[in-house]
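Protein chains: 4
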Amino acid sequence: MTKNNSNGEIAENNTQGRTALWGGRFSDTQAKIMQAINASIDVDKRLYKQDIQASKAHVSMLMHMAIVSKKDGESILSGLTKIEEEITSGAFVFDVTLEDIHMHVEARLAEIIGDPAKRLHTARSRNDQVATDFKMWIREHIDYLDQILLDFQKTLLTKATDFTDWIMPGFTHLQTAQPITLGHHLMAYYEMIKRDRGRLSDCRKRLNECPLGSAALAGTGFPIDRDMTAKALDFEKPTANSLDAVSDRDFALEFLAALSITSLHLSRLADEIVLWSSPQFNFITLSDHFSSGSSIMPQKRNPDAAELVRAKVGRIAGGFNSLLMVMKGLPLAYSKDMQEDKAYVFQAVDDMELSILAMHGIIETLSPNKNALLDAANNGFSTATDLADWLVRVLNIPFRQAHHITGAAVKMAEKQKCLLKDLSLDMLQSIEPKIDERVYDILSVEKSVTSRISYGGTAPSMVKKAIFTAKKEMENE
Amino acid sequence: MTKNNSNGEIAENNTQGRTALWGGRFSDTQAKIMQAINASIDVDKRLYKQDIQASKAHVSMLMHMAIVSKKDGESILSGLTKIEEEITSGAFVFDVTLEDIHMHVEARLAEIIGDPAKRLHTARSRNDQVATDFKMWIREHIDYLDQILLDFQKTLLTKATDFTDWIMPGFTHLQTAQPITLGHHLMAYYEMIKRDRGRLSDCRKRLNECPLGSAALAGTGFPIDRDMTAKALDFEKPTANSLDAVSDRDFALEFLAALSITSLHLSRLADEIVLWSSPQFNFITLSDHFSSGSSIMPQKRNPDAAELVRAKVGRIAGGFNSLLMVMKGLPLAYSKDMQEDKAYVFQAVDDMELSILAMHGIIETLSPNKNALLDAANNGFSTATDLADWLVRVLNIPFRQAHHITGAAVKMAEKQKCLLKDLSLDMLQSIEPKIDERVYDILSVEKSVTSRISYGGTAPSMVKKAIFTAKKEMENE
Amino acid sequence: MTKNNSNGEIAENNTQGRTALWGGRFSDTQAKIMQAINASIDVDKRLYKQDIQASKAHVSMLMHMAIVSKKDGESILSGLTKIEEEITSGAFVFDVTLEDIHMHVEARLAEIIGDPAKRLHTARSRNDQVATDFKMWIREHIDYLDQILLDFQKTLLTKATDFTDWIMPGFTHLQTAQPITLGHHLMAYYEMIKRDRGRLSDCRKRLNECPLGSAALAGTGFPIDRDMTAKALDFEKPTANSLDAVSDRDFALEFLAALSITSLHLSRLADEIVLWSSPQFNFITLSDHFSSGSSIMPQKRNPDAAELVRAKVGRIAGGFNSLLMVMKGLPLAYSKDMQEDKAYVFQAVDDMELSILAMHGIIETLSPNKNALLDAANNGFSTATDLADWLVRVLNIPFRQAHHITGAAVKMAEKQKCLLKDLSLDMLQSIEPKIDERVYDILSVEKSVTSRISYGGTAPSMVKKAIFTAKKEMENE
Amino acid sequence: MTKNNSNGEIAENNTQGRTALWGGRFSDTQAKIMQAINASIDVDKRLYKQDIQASKAHVSMLMHMAIVSKKDGESILSGLTKIEEEITSGAFVFDVTLEDIHMHVEARLAEIIGDPAKRLHTARSRNDQVATDFKMWIREHIDYLDQILLDFQKTLLTKATDFTDWIMPGFTHLQTAQPITLGHHLMAYYEMIKRDRGRLSDCRKRLNECPLGSAALAGTGFPIDRDMTAKALDFEKPTANSLDAVSDRDFALEFLAALSITSLHLSRLADEIVLWSSPQFNFITLSDHFSSGSSIMPQKRNPDAAELVRAKVGRIAGGFNSLLMVMKGLPLAYSKDMQEDKAYVFQAVDDMELSILAMHGIIETLSPNKNALLDAANNGFSTATDLADWLVRVLNIPFRQAHHITGAAVKMAEKQKCLLKDLSLDMLQSIEPKIDERVYDILSVEKSVTSRISYGGTAPSMVKKAIFTAKKEMENE
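Chains as they are written, first to last, in the numbering used here: chain U, 1 to 477; chain Y, 1 to 477; chain D, 1 to 477; chain G, 1 to 477.
Worth flagging that the hints you see were computed from the coordinates, not collected in a lab.
Just so you know, not all the hints are guaranteed correct.
[Claimed, not checked] Straight-line alpha carbon distances no greater than 27 Å define the calculated BS3-like cross-link-like pairs of lysine-lysine that follow:
no.: 1; chain 1: G; residue 1: Lys82; chain 2: G; residue 2: Lys70
no.: 2; chain 1: D; residue 1: Lys45; chain 2: G; residue 2: Lys45
no.: 3; chain 1: D; residue 1: Lys70; chain 2: Y; residue 2: Lys472
no.: 4; chain 1: Y; residue 1: Lys231; chain 2: D; residue 2: Lys49
no.: 5; chain 1: U; residue 1: Lys231; chain 2: G; residue 2: Lys472
no.: 6; chain 1: G; residue 1: Lys32; chain 2: D; residue 2: Lys49
no.: 7; chain 1: U; residue 1: Lys464; chain 2: G; residue 2: Lys70
no.: 8; chain 1: Y; residue 1: Lys434; chain 2: D; residue 2: Lys70
no.: 9; chain 1: G; residue 1: Lys194; chain 2: U; residue 2: Lys237
no.: 10; chain 1: Y; residue 1: Lys472; chain 2: Y; residue 2: Lys237
no.: 11; chain 1: U; residue 1: Lys56; chain 2: U; residue 2: Lys71
[Stated by the list, open to error] From the derived model, a few chain Y residues whose C-beta atoms are all more than 12 Å from chain D:
no.: 12; residue: Ser89
no.: 13; residue: Ile224
no.: 14; residue: Ala257
no.: 15; residue: Lys415
no.: 16; residue: Lys465
[What the hints assert, rightly or not] Covered stretches of chain Y (in silico footprint by chain U; criterion: 3 or more residues with CB under 8 Å from a CB of chain U, positions within the stretch not fixed):
no.: 17; region: 297-307
no.: 18; region: 352-359
Source: prediction; values computed, not measured.
In this text, a Cβ means the ideal position worked out from N, Cα and C, and glycines have one as well.
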């Protein structure tokens with residue numbers, strides 16, 4: 001039962017029974033309210049592996065430094081192993097009166113091994129403990145996110161390879177601007193994900209300092225070895241200031257900010273999926289797996305998964321914003337307000353991981369409609385800028401004047417209800433006598449696309465190069 | 001098991017087993033991802049009472065209009081009653097493949113009563129159904145919130161009565177500004193809650209139009225009576241435009257905005273509680289019920305509950321912001337993105353209800369420290385403005401010049417390390433010869449407070465009047 | 001020069017000269033920084049009319065209560081009139097060392113009338129003064145917003161009248177769902193704006209209590225008449241608690257929340273405008289006035305204005321969120337943080353007013369493409385639900401079974417590449433023998449639309465009724 | 001005149017004259033509204049240096065590649081130099097009909113050099129141009145921010161050196177927890193700023209790819225050399241995908257997220273400043289430079305600057321949130337919505353730079369009150385955990401049992417109204433007989449602080465080491 005439910009049920013009961021909560025013996029009610037607002041176990045039990053792992057590292061160090069005896073230490077270690085097994089197997093009983101995961105583990109340890117359990121908390125406090133656990137949890141999820149983003153990039157590369165030279169309209173203002181290739185379009189998302197992974201990687205590096213041993217806020221007088229615990233838990237080093245170590249939630253904020261930007265990218269792609277699968281665009285057909293049908297209109301595929309991915313940015317970005325608001329103006333060091341941090345991060349990670357997996361699946365399984373894409377590219381005189389550029393490049397006409405000539409050609413084609421490439425040379429020369437046969441080399445969308453060979457351009461040859469480079473980058477990781 | 005957990009577990013498993021989700025038969029994995037992102041049952045099952053109540057009103061109307069036969073209709077009604085009992089008792093089995101609460105109820109109805117179940121969905125769709133259920137749920141919680149806010153106001157009045165003439169410093173910039181009474185301070189929060197309740201009441205009025213019968217988006221050709229269902233469900237009237245009815249989430253947004261402002265008020269009060277219970281202020285002593293102790297420092301009372309109330313505004317305001325972001329730029333009518341709406345509202349309501357109950361408990365059980373409050377009020381020459389006002393009022397000295405004289409008196413008192421009221425008349429006359437004995441009528445904090453009898457002022461006599469008026473207001477509700 | 005500029009310039013200079021700001025005599029630099037962060041005159045000078053009006057009401061009351069002499073009072077009144085003229089005409093010189101609008105007015109008054117100026121600030125402080133001015137400013141802009149929203153509603157009604165029976169597709173998930181009328185679609189926005197105006201009106205009522213006379217925070221000992229000033233400034237009554245009066249910014253928050261929802265509505269309409277003017281949709285042609293062209297593609301109309309309206313919700317909603325964050329956890333009464341309130345509100349009002357005027361202009365001047373709308377409505381078997389409903393209503397087939405039959409008919413039409421209405425009776429009867437000639441009464445989009453006569457439905461007859469009701473509502477305002 | 005003003009004035013006029021804007025010739029009004037919403041010159045003129053610098057690099061490359069003749073190119077270069085001088089000197093006339101900075105420069109160039117001006121826009125578009133300019137502007141401000149943050153760190157180090165062993169209470173929940181040193185406290189902020197600078201540095205690296213040459217969205221057919229322009233403008237390399245290059249605003253978002261976290265840190269420090277300068281805390285005395293006084297209470301120092309720094313996080317974080325909302329769900333490539341990006345970034349940079357400079361000044365000039373800090377540290381039995389740790393460390397009593405003994409000692413001291421260190425050995429032994437003389441080595445706050453020598457701990461010896469390390473880090477930059 002999660003905290004949400006827990007609160008929810010209190011609320012629901014109140015709604016039914018109204019005075020239930022404030023009736024009865026007053027202090028009982030108070031106890032319930034305090035427990036409901038104070039306990040975090042329904043949220044923070046997700047930290048159990050990290051909490052046990054960190055406790056093991058801590059007690060091993062205490063043994064090494066002779067602060068805890070070998071015998072007590074080994075007893076603690078085996079007790080912790082047993083607790084981890086109990087929680088993983090589902091045998092462990094959670095109890096809201098024990099507030100949080102740290103107290104659950106410690107209380108159960110006392111049950112299992114007795115008195116030596118009391119030595120585990122030497123030279124640490126819940127403040128450094130929770131910061132350590134939480135950093136480890138985020139670090140682990142950064143690694144998982146990095147992997148599923150990499151998987152998604154691979155699928156983008158595969159699809160970009162398949163559609164290297166499939167022509168489609170490039171839009172500005174959702175108006176047809178210039179023809180591009182679908183491969184090029186997909187590679188734009190490859191680049192975004194690359195930056196997303198870079199941000200996660202930077203966040204991981206920056207958070208990778210171990211708070212353990214900062215104790216409540218001031219450090220400790222016990223002769224501990226913080227380098228040893230930091231190393232055991234795969235941190236680069238211990239944090240440099242004990243007060244900062246227990247007050248800091250930068251790592252959660254930076255992580256949420258990075259996820260916000262990643263989810264923004266997915267929301268943009270999701271919006272394109274929704275647009276492209278509308279009957280008006282008809283650029284793609286979604287697979288049954290990532291759309292929902294209608295019993296009444298069997299041909300219909302509602303892009304539900306894409307719509308939900310588009311929506312998730314709301315909650316993920318909301319998490320960053322909420323945690324900032326919670327932390328705003330808090331004096332050092334630890335305040336209870338900070339307990340709210342985990343709910344935001346867990347929710348954002350759940351939303352993010354699901355969004356990435358869903359979008360990966362959508363892209364993997366959709367079918368582009370080659371003809372519809374091509375027809376749309378031909379629409380709207382999308383090669384007009386090619387004509388203007390040709391006038392500049394080949395006939396050496398100044399740019400702004402070339403625009404004027406092109407405008408006249410477009411008007412003519414519109415009047416003739418034909419494409420630019422279907423205007424006769426006579427017609428074109430009636431606008432600008434210097435135009436010659438070579439102009440037809442660039443007037444079709446195919447030729448337009450092929451000509452865009454500047455670095456990063458949409459020409460299939462350049463898209464191939466970009467894919468090649470991307471593959472090499474990924475091999476070198 | 002809530003959605004959070006459900007997603008959470010997928011995520012955790014992935015983290016452990018990494019390729020688990022994308023391994024195995026591909027389409028199985030896809031099905032799981034789609035289900036995980038698409039299903040809302042873990043969230044929207046909280047709507048079950050409303051869903052069943054609305055279905056009953058709908059089928060009763062269909063019977064009345066002879067769209068559904070009496071026999072079928074009665075069969076549906078009794079089936080729905082049975083389902084409600086099953087869910088309330090916990091006997092009902094939820095199944096994530098059935099997506100949402102509407103499908104759960106309908107599927108179970110078919111199991112119980114067979115073919116007639118298929119007639120329930122006549123002349124409605126999930127789009128108008130969910131809008132109706134959700135409005136009813138919010139309406140019910142507005143009523144509950146209104147009641148617990150009223151309860152809180154009553155406690156504020158009781159406490160304001162107890163502390164009508166307890167003198168404390170009024171702060172600006174967290175600097176002592178003028179003496180006020182604790183009763184007056186508490187009455188400021190009474191006013192805030194009054195506006196909060198007004199906003200909720202306005203929100204309730206505005207949302208109280210029934211979407212049922214708007215069907216998918218266009219209305220229906222069945223001869224339904226929307227006034228009848230609206231009335232049966234206690235709505236003021238049916239919504240006026242079917243497209244708007246299924247696209248609109250204003251009611252959720254306005255509700256979340258109102259809660260954001262309420263939670264802001266509680267965050268301000270909570271911050272005061274934290275400040276006031278610090279050893280530096282020592283204005284109040286928290287009860288054991290709403291603080292947490294320290295095994296090591298038995299006298300210590302950490303204001304955990306207040307800190308958590310202060311934090312909750314982060315998530316509640318985040319909910320408004322997130323839902324706005326989700327809805328931003330969505331074309332009409334229904335898009336799946338809108339399914340996210342309920343998670344924000346349920347979470348905000350849980351946080352809000354708990355915050356109000358906790359803050360009510362904190363205020364109810366705290367003990368103000370009369371002497372500490374009075375000492376602090378005497379501190380900082382808090383009656384300096386009284387002196388300046390007296391110079392203006394009694395000696396007819398212009399305001400800005402009165403300021404100058406007062407500044408000199410304060411400097412003198414500072415040098416003498418005494419309060420303003422302890423300066424001798426000789427001393428005061430050395431600054432301004434016109435000052436006479438009467439000045440001592442206003443120099444003590446007690447006299448200062450007593451003198452502030454402008455409407456809404458802090459004088460105990462005015463606070464009593466304000467309490468009297470407030471009580472009458474509440475009686476007239 | 002606005003504050004933005006002012007800060008901006010400091011920043012730019014620093015960037016150029018790097019150490020400029022921290023070089024030189026240290027205390028000079030400090031003075032500049034303090035001034036730059038502290039002064040609000042560049043923002044709050046927009047309150048000048050309100051500030052002068054409130055000062056006039058205040059001094060008139062002071063005269064009436066004999067707290068200020070008739071002679072001094074009249075001198076102050078004429079001085080204030082002169083200052084208002086100076087500011088309105090542009091002759092007034094603003095000076096950043098005078099911090100805010102209140103000090104500007106007071107300093108100038110002293111220049112003009114000498115000593116009596118010093119009596120104006122009797123029995124008030126900047127805290128109640130700014131709250132009063134700001135409420136008056138918002139109130140005035142609510143009235144203006146209400147008017148331009150009403151103007152926009154009128155245009156929506158005119159357009160809905162013009163297009164009462166123009167058929168277009170109604171979308172869910174951006175998939176064609178059911179045919180609707182353009183008139184009905186526009187009336188959905190009429191309803192949204194109606195709620196928007198309701199929220200503004202409620203906000204106006206709630207804020208309409210006058211803080212003036214609350215003084216710094218505690219009220220005053222001067223025998224003032226707060227009812228008199230409240231009445232003179234068109235407030236319903238004075239605020240009931242002096243501490244609340246100077247601490248409260250609910251009115252700004254509630255106003256920003258209301259604007260956020262209004263701007264959300266405009267963002268949804270704007271997104272539809274962008275979609276509808278894409279070549280793929282081609283539902284509308286924008287006027288030159290609210291689009292931007294391309295010298296190279298003269299036929300092109302970029303929906304710039306709509307895109308910008310769509311974007312504005314970002315900053316308006318951001319304003320609400322920012323002000324909440326600023327106010328979060330602030331102890332009573334006034335803190336300097338609250339000075340930031342005006343920048344958010346002024347920006348939001350500017351964005352909002354411009355968005356409404358622009359969207360009004362867009363709607364007023366666009367041309368719907370009747371044939372494109374109709375073709376799109378015919379697309380996608382949009383009358384499938386009509387067929388299913390007909391099977392239920394006329395043949396008494398249960399709803400879910402009717403869905404099955406309809407699915408078969410849609411598949412057949414898809415195979416035949418025809419519309420549902422073009423299937424022969426034989427074909428339809430091969431699926432369900434009970435189907436008869438009457439079915440053709442509902443299979444065309446025209447007949448579908450005409451049939452939706454439930455209250456709030458899309459039938460032209462119902463849209464006409466809705467327009468009629470709306471006009472009556474507006475007449476009664 | 002900035003955009004704010006411009007809009008503001010329209011709005012104000014409307015409010016006065018009501019129908020002014022919609023009166024008159026309709027198309028005139030429309031033109032004004034469109035211009036007001038569409039023009040960005042009041043905002044983006046701050047990009048003028050970057051725009052001209054990028055144009056120069058572009059035309060130099062065009063000359064090098066023989067796309068533009070040497071003669072024309074040099075004419076363009078000298079024209080651009082002249083324009084920069086005009087703008088810098090203030091001689092340049094801005095005109096709202098020319099929309100944005102790019103058009104202003106180009107139009108002026110045509111005036112100055114005539115026809116060759118038309119060749120400047122070859123092989124680029126406004127889309128890649130604005131992305132390039134904006135990245136350069138942000139990069140420059142990152143460098144400036146890095147410098148003023150470094151300056152601030154230096155001051156923190158100086159102050160931490162001054163106050164290495166000044167004892168003060170360390171708080172959790174704003175309750176006295178353990179004694180720490182003021183030097184240690186200040187070093188916590190040093191660490192935060194260090195991470196802040198790290199985030200800015202990572203952001204700078206990631207954004208440092210040059211969009212120029214991506215043209216409208218598809219790249220270009222001109223034989224341009226993007227490496228050459230990238231190098232000339234100090235970018236690491238050209239962007240890899242032309243579509244991404246013009247659609248991407250990650251750099252602005254990541255920058256705003258980094259600033260949000262920095263401003264959060266300053267808000268926490270600012271809140272401490274406000275608290276510490278309250279009469280209740282009295283930990284510090286602010287300098288006149290960064291506080292505001294009261295004519296009436298000359299001793300008073302309102303911490304206005306700190307309050308404003310605390311507030312700024314609202315707008316800075318709001319900027320991130322707003323831009324995310326603007327970008328949410330935007331299909332590729334460029335949409336006009338994105339024009340709003342600069343307003344958020346410019347505002348955030350202005351707020352951020354000012355906040356850093358103000359906070360630097362506050363810290364530089366404040367005076368801590370040594371005795372008040374020490375007294376507060378002695379308050380609240382802050383060495384209770386030292387006693388518990390001593391019982392564990394020296395007497396080998398289990399941790400939880402040591403807590404129990406300590407609790408008894410604290411109760412005894414409370415009863416005796418003395419500090420822990422003032423309890424006699426007899427008294428202590430009455431609680432736990434094994435306690436001996438050595439206990440007094442840790443019971444005073446001085447000894448407590450001195451004992452915290454774990455890495456990162458608060459002992460003056462450790463703070464000195466931390467300062468030494470920090471200085472070395474900064475030397476190596």
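Going down the list of hints, with the structure as the test:
| no. | hint | verdict |
| --- | --- | --- |
| 1 | G:Lys82 - G:Lys70 | holds, 18 Å |
| 2 | D:Lys45 - G:Lys45 | holds, 24 Å |
| 3 | D:Lys70 - Y:Lys472 | violated, 40 Å |
| 4 | Y:Lys231 - D:Lys49 | violated, 49 Å |
| 5 | U:Lys231 - G:Lys472 | holds, 24 Å |
| 6 | G:Lys32 - D:Lys49 | holds, 25 Å |
| 7 | U:Lys464 - G:Lys70 | violated, 35 Å |
| 8 | Y:Lys434 - D:Lys70 | holds, 24 Å |
| 9 | G:Lys194 - U:Lys237 | holds, 16 Å |
| 10 | Y:Lys472 - Y:Lys237 | violated, 32 Å |
| 11 | U:Lys56 - U:Lys71 | holds, 14 Å |
| 12 | Ser89 | holds, 28 Å |
| 13 | Ile224 | violated, 5 Å |
| 14 | Ala257 | violated, 4 Å |
| 15 | Lys415 | holds, 25 Å |
| 16 | Lys465 | violated, 10 Å |
| 17 | 297-307 | holds (count 5) |
| 18 | 352-359 | holds (count 5) |
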